[in-house]
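Asker: Heads up: the sequence lines are chains W, Y and Z, in that order.
According to the working numbering, the residues represented by the first sequence are 416 to 771, in order.
According to the working numbering, the residues represented by the second sequence are 334 to 657, in order.
According to the working numbering, the residues represented by the third sequence are 2 to 372, in order.
If you are wondering where the hints come from, they were derived from the structure by calculation, not from laboratory data.
You may find that some hints are simply not true.
Here are the simulated distance ranges between beta carbons [claimed, not checked]: (1) W:V753 with Z:G218: 31 to 41 Å; (2) Z:R306 with W:K419: 37 to 47 Å; (3) W:V757 with Y:G515: 45 to 55 Å.
Idealized CB from N, CA, C, for every residue including glycine.
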Amino acid sequence: MSAKPSFLQRIWPLLPGLAALLITTLLLVVMGTDPIDAYLAMWQGAFGSSARIYSVLAFLVPLLLAASGLLLTFKAGLWNIGIEGQIIMGAIAASWVALRVQLPAGLQIPLELLAAMAGGAVWALLAGVLKTRGGVHEIFGGLALNNLAILFTNYLIAGPWQPPEGGSFRGTQPFGAHALLPLFDNSRLSLLSLALAVLAFAGVALLLTNSHWGLRLKALGQNARSAFLLGVSSQRELLLAMALCGALAGLGGGVRVLSWFDSLRQSISGGIGYLALMVVLLAGFRLVLTPLVAFFFSAVLNGSITLQLRTQLHSALGDILTGVLVLLVLLFGNYTRVQRVVLRAAQAARRRLSDG
Amino acid sequence: MDSTQLIAILGSIVLQAAPLIIAVCGETISERAGVINLSMDGSLLLSALAGFVAALLTGSLLLGFLAAAAVGALFAAIVAFGSLHLRQNQVAIGFVLAMLGDSLSAFLGQSYTRLPGPSVPSWHIPLLKDIPVLGPIFFRQDAVVYFALLLVLVTWWFLFRTRAGLELRSAGERPEAAFSRGVAVRKLRYLYAILGGALVGMAGAAYSLSVKIGWAEGHTRGMGWIALAIVIFGGWSPVRGAIGALLFGATKALATLLQRSFPQVALVAFNAIPWLLMIVVLLLVSGKLAAPLLARAPAALRRPLRSLLQAAPPAALGQPLDES
Amino acid sequence: MQLAQRYGFEVDPHERIDDLSMGERQQLELLRLLAGGAHVLILDEPTTGISAEQKELLFDSMRTLAREEGKTLILVSHKLDEVQELCDYAYVLRKGRHVGGRSLPCPNPELVALMFEQLPPRPARRNTTQTETVLELQAVSVRSTRLELEPVSLQVQAGQVLGLAGLEGSGQELLLRACAGLLPLAAGRLQLNGTSAQLHWDYPTARRHGVAYLAAGRLEEGLVAGLTLTEHMALVNKAHGLLVDWAHSRQQAAEHITTYQVVGQPESYIENLSGGNQQRFLFAMLPKDLTLILMEHPTRGLDIRSTDWIWEQLDARRSTGTAIIFISADLDEVAARSDQIAVFSGGRLVRTVAAAQTDADELGHLIGGAA
């Protein structure tokens, strides 16, 4: 290893981004769209006006909440893929309070948010208990619970919570104004929820870097056997990590129904949980990078929705851009590792040449 | 319900299960060699689209299946390269590919949504189709079903009855031991991961060209995850996996049937069955729950029950091996 | 199958390896090698974990191989009786040196003398053994998938050192782990400092009662790779409040580094320390007042300086009444450091002897399986 980083090594972190851009550009060309126009549309969709920026921030809130929660579960070595269902259950719990409970003004919204956290936490604990007690891997338990949560939403919308004018299968009736989060400047952004998300992230950061519990999670994630022998109770800490993550995700779900929408909708999360997993993977589980990546994802996805409205191109383009980026960073992000593989391959080729 | 109806239902179960069986066989091969291909859900979606589009544009079903297989193989190759060469986490790469396959299929498939297209014609096997009961269930289907059934037998025979299959399994169980006895572990893992991925791709085409003809966004969404769970339920054996796939097909058929008889119960209750089933079977095979249950079973039943329920994954599943 | 019949082996070819006993696995491996046309067979402790009947079968087949088929057999074994029974000539190796050989059969003491030479003089030490019983086992048996430990009864007094001797896999590991609460007792009673026997004995309970357990694999079972020394310190400290006092933990780590003479920094990752320093740090992390310390191979792979240092530390702990139970493959260490020695063979506690009243000859015999 050379002491001074080479030029290639220095620009290495930028290459996956460029490659991802190249791939999406190719896709755009194949689809017969002018890529410059498309990227401009995406940029304008994300940052073109203050309303757009508010929208990016509004979308960021649940994403950052979920990603913060995932930092905890990943630290403990858990793949909490069930986070999507935890967001949904949070949304359902908040909707239940909004639809069925009448409280004085000062209590209504706090109770909705608390319910949302409880809903997410319960769903996460279910996946956690299935793992610790039942031996079901959290990926499969979580996926099953995600789908059950989606089906439960559909059931509520089509059944007990259908609007009085008849089931539209799209959503419940809008909640009363007193039950909704106050919105900023006619946007979908609730400043309260943004503050909560920032606070949640800061709390997670503090827990992970400076708390005894965070240290125990880290030890569990690195070597569960040694951690147990050093006195860490793995079951309790894993369940606690799941519950906290679920609570944050649930809060995100609550924010979705109480500010982004005004009712419980069919695809209330729409994959924010999976997106949060991608955020944390791209950030490489690093604290500082997580909110930045989450913001970037939120901007790209908002931009691609505008793109779809303007050009009829499917908004999945944004997911492709971010997905390719995550994949390339996962594969090639580590410069020294790639260098080693390339060197080895070159050696092998040279040997083969000299032998032949 | 009379017997013809019952036979028709059983026949539809077999048809529903056929693509799952193909996908389960593919993933079983890959995992037996030590590579988890978690990308299956995205790979099924994209290959279903690729198969449909290729067949639509060329008019050739064969090219459709080949295109789908190529997509599946490519996904598997990425997982294999990332884990075997670059030493990255198989689960992470697989997950990202699952997401990416989903969004790629949504994006690229937009202009092919709900188009009429080619499909695999049904073809009744002479003689066999006339066997009472079994004939209508198994042999009045199309080539996809026959391929799936044959694949189960061939995969089982290959894994457990051939030398190459033994080497495949040794690469997944004890790679160090296999390597020290001259098995090229990494090469085998590449080979079988890609082969397994190609089969997963064909399963995707089996959906879009036979079982659920055509394309729509999210056409096979969820089936990949279910197939992954069935591989575990199947104890990494193609035969048990096929039984699991049939069981899953049966719950779908049962749901449709019950739906007709109990229209007042919400459809979602029936749609929930496969996912509940997934949790239950994984609980059963995990051993943590099954062990105390087994201990209570009569002694004579304990052993067969255990071999029926429990199975350990290949010991080196997902673990890298340093060959240099 | 023909091969199997020729040697009288009964291996069911349809069984899975997992379900075969150790003896059957060994027969299978032997058949595999013979089928592959091997002429020289090297058997390393071939009778470990197999039944007496299987041993007879194995020896019969080995004699057939040598006498009638002209194969060469090399046996590596601790068990003198087996060596005498089977071999024509014995080479004795000690501490990496070839120290002599004998044509067999020859009197056992001659071999033992070659193997152990003389036990080193027992280091002078205060006799701090008190009469207060710390640990009492009554007919404790432990089961694992490979081995069942037959009922063991013994007592350990405060300040006493009990050495567990035996070939690896003879049952002493099971006993140690059961005492630590890491394996459930299949039967029997375990009492610590007069705790009630009805107590649900698991690892956290054992820890609460002042039992410490140090496993053989330091980075697998004990230390967390990826954590610094300071982080380890903070991890084992009783948590006061929610947040870690990093300055305090760092200072503690620095203090321990000095007192325990660890070569490393508070910021060093534990996996970057040498084995001896890792072991020192493990000792540094042990709580102050312990009732019982359980150790697997406490000095394996360490240099002589670290070894002596570790026993000094243990002696200091003994003087405050801590009892020690340890396993070691090094017979010299067992003989030199223990007060009592419990010898295990084939899943059985063969005999407990006072260390002062035994010698290498007797230990060698006992380990080799003579009752």
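Asker: It remains to establish, for every hint, whether it holds in the given structure.
Answerer: To see whether the hints hold, each was checked on the structure:
1. W:V753 with Z:G218: 31 to 41 Å: holds, 32 Å
2. Z:R306 with W:K419: 37 to 47 Å: With Cβ atoms ~40 Å apart, the hint holds.
3. W:V757 with Y:G515: 45 to 55 Å: This hint is violated: roughly 27 Å between Cβ atoms.
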